[in-house]
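*Asks:* Chain by chain, the residues:
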Amino acid sequence: MSDLVNVSYLAVGPEILLTLGAVLVLMIDVFRQPSARVHAWIVAATILAATVVTWFQWDRVTGEGPFLAFSDMVVIDEYGVIASFILLLVGALGLAVAWGMVERLGRRGAEGIVLVFMAIAGFQFMAVSANLVMMFMGLEIASISLYVLAGITRERPEADEAALKYFLLGSFASAVFIYGVALAFAGTGGVSVYDIGAFLRGSVLLKPGVLLIGMALLITGLAFKLSAAPFHVWAPDTYQGSPAGIVGFMAAGAKVGAFAGLGRIVITAFPLYEAEWAVGLAILATISIATGTLLAIAQSDIRRLLAYSGVAHAGFILTGLTAGEAGMPAVWFYLAVYTVQLIGAFAVVAAVAGPTAAGSPMSDYEGLSRRSPFLAAVLALFMLAMSGVPLTAGFVGKFGAFAVAWRADFEWLVIVALVASVAGFFFYLRVIVLMYMREPAVAEAPGTMRARLEPVGALRWVLIISTAITLAFGIYPTPLLDLLSTALPF
Amino acid sequence: MTELVLFFIFGALALVGGLTVVAARNPVHSAMGLMLTLFSLAVFYVVQAAHFVAAVQVIVYAGAVMTLFLFVIMLIGVDKAENLSETIRLQRPLVVLVGLTVVVVGVFVAVGGRFAWITGVVGAGPEVNGTAEAIGDDLFTTWLLPFEATSLLLIIASAGALALAFFRPRRREGKEEGAP
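Quick note, the sequences are listed as chains A and B, same order. So in our numbering, spot 409 of the first sequence is number 409, and the numbers just go up one at a time. So in our numbering, spot 170 of the second sequence is number 170, and the numbers just go up one at a time.
In case anyone wonders, no lab produced these hints; they're calculated from the structure. Honestly, I wouldn't trust all of these hints.
Claimed, not checked - Partner residues are not named here, just some residues of chain A that face chain B (Cβ under 10 Å, in silico): (1) 71; (2) 105; (3) 119; (4) 125; (5) 147; (6) 389.
Backbone N, C-alpha and C define an ideal beta-carbon position, used for all residues, glycine too.
So that you can see chain B by itself, here it is in the shape it has in the complex:
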């Protein structure tokens, strides 16, 4: 029961946050909306007894990533006037149409009786242990290979950052010299 109440409260908050990200005119408000969504998700993790994941969610996403977002927004400048009109004609009506289609299909599946959430886990399932110790155990035994494979992502990140940032912007130099 507690779980259901919490789900409705924080589910609604997560949706509000998500809508704010899209609808807000001020990018800082968008970032705040995203933070609300991320916090609401952290509450879901706590309800599911995944304490470590919840802590990581708050520290990494709501903390570090959001700081980075705000930093970039501040660097670019908040009060710069943005042109928010769509360049593709009929985009907004089409988006509404596609969104409604997804909702209708979802309702159809749910009402049509082809719908049951958890079919795989019979009964209560094993006790969830969301401590850092339990996750560490799993991470370095069962999930060892995917965990190690993330190191390839780190190599890509460093090599990619170098490849994309380590070049001389010739165009700007040309402009400074007055060349066309």
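Same shape as in the complex, but just chain A:
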């Protein structure tokens, strides 16, 4: 029987280690009630161990080629391993930003760590799954962790609202996704992406209506998770109401996981229907870019601004995905650098608002350059990178995504995206103007809320690392581009 199942502990090593870490945190928390420092060591050891195992996966994949495991439930290829690396980086940075929240939550802090670990494991399962049912499991594991994380500070009614909205719309999206799995199964007789691909290559469907609806539902379900318009309505409220420390991880992790799943489904399972889904993704991208850019202009809360900018960025990344397999390296580059910028920007938000606070009105940022030159400078850098200014990684990402879409004959989409990028300067620059050209709203007096503000501890390192990544790959992107050029689904 074990031959049939082809168990490979290497294939699910990172997920096993994350689960072990989670259980360890829970058990130690129950029996010893340790200080946050002990938890920090366990977290660091777990993430490090998972990264090492992911490195072993990378070694095996580049040496001997991709391999399938657990009766073809998961496939370990460069695509999945790259996604695992990005997710571990996002998780490590996200937990460092959330550490203030973990400490402030007291006994509930351990559960916060556990939920972040579970979310990383779930998104990794999505990225490596070769089977739609397995992908659904990963989606659910990650989503349910994020629903709880959104509402973990239940003392505040905003957190309840954020969690409930995320939960209701998210579970609806999961239902849409599983309905898509069912229809894809009805249309092809398989739930493995390879079975579906092989069936479609071997037979011509004269009446593919059911299959096409299934494909549309699969894309819709994942579009909810990556907050692409018109499925984005939960994002602004959830980002605004959730604890400031965790929002960056929620936004970044969901984007990586959902794009990894989406890319694998459309490229591996439905390559023969590229004409259909590419147009669908292009329409989704257009709506996202337009909605995100237009609504971001009108926001008065920086988290809602970042949420709508995230909708627009989902559109930009979808622009890259319209090119199919040829666009995947550009998509990975964009995701890798954008998620780092996102976590960096939310780290500044957490530093300004406090790690468990809800809402970050723009007025908090007036004159931030006086109160904290460092925070203002890094936030300005992330804003410039998100708007796509040259010499930041954001420019290289946008350039790559638009170039592949142009080559795939989506010229109109690239023109829309370019116009929106220029319009996007307006709201990104508005934040910079607020920080540098306005006086702080309330007179600076020691001991008041408007006192000087400096990031401490882990938060400071997150800002330094994400700044370094944003600048380094903006000035010299070649190594990362070379690395990602082979990150295609097997």
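Fit chain B to the supplied structure of chain A, relying on the hints for placement.
*Replies:* Frame of chain A, contents of chain B only:
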């Protein structure tokens, strides 16, 4: 033929149950409507020879989950007056519009000739074996990893329940002390 007749009878019942869930004024009636839908689905599973799934459907959903629903409804109180008016303007007309659009698209796809249900399975397909033994065999070989991955959901459930319930409601304490 039997399958078709059963499908129409219990399909209609499932729809009636679903509509009851949405339309009933009394939450207990809603719960009963949901139970009707779940039972009808169980009949579908029996027709498909998935006996184990049908049994699980009745025991877990119609049994345990529904008991939990009713328990919560009773705890909250049935006769509490609920404000059922919509706060979002034009929501109901919009819902009708969107629903009709879905129906029209469905009919269009069906009539437009792009529609065939099972294109993947040619012929009769393999004999379905829905016994607990056959499902157990599959569950612990082919579907081992998804099955094991559900354990992560259990960890999330316990950690999440603790995280959401294990806190001191400061607001209520404040009220009891008469503080604003």
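*Asks:* Identify every previously stated hint that the structure contradicts and give their numbers, smallest first.
*Replies:* Hint 6 is the one this structure does not satisfy, whereas the remaining hints hold.
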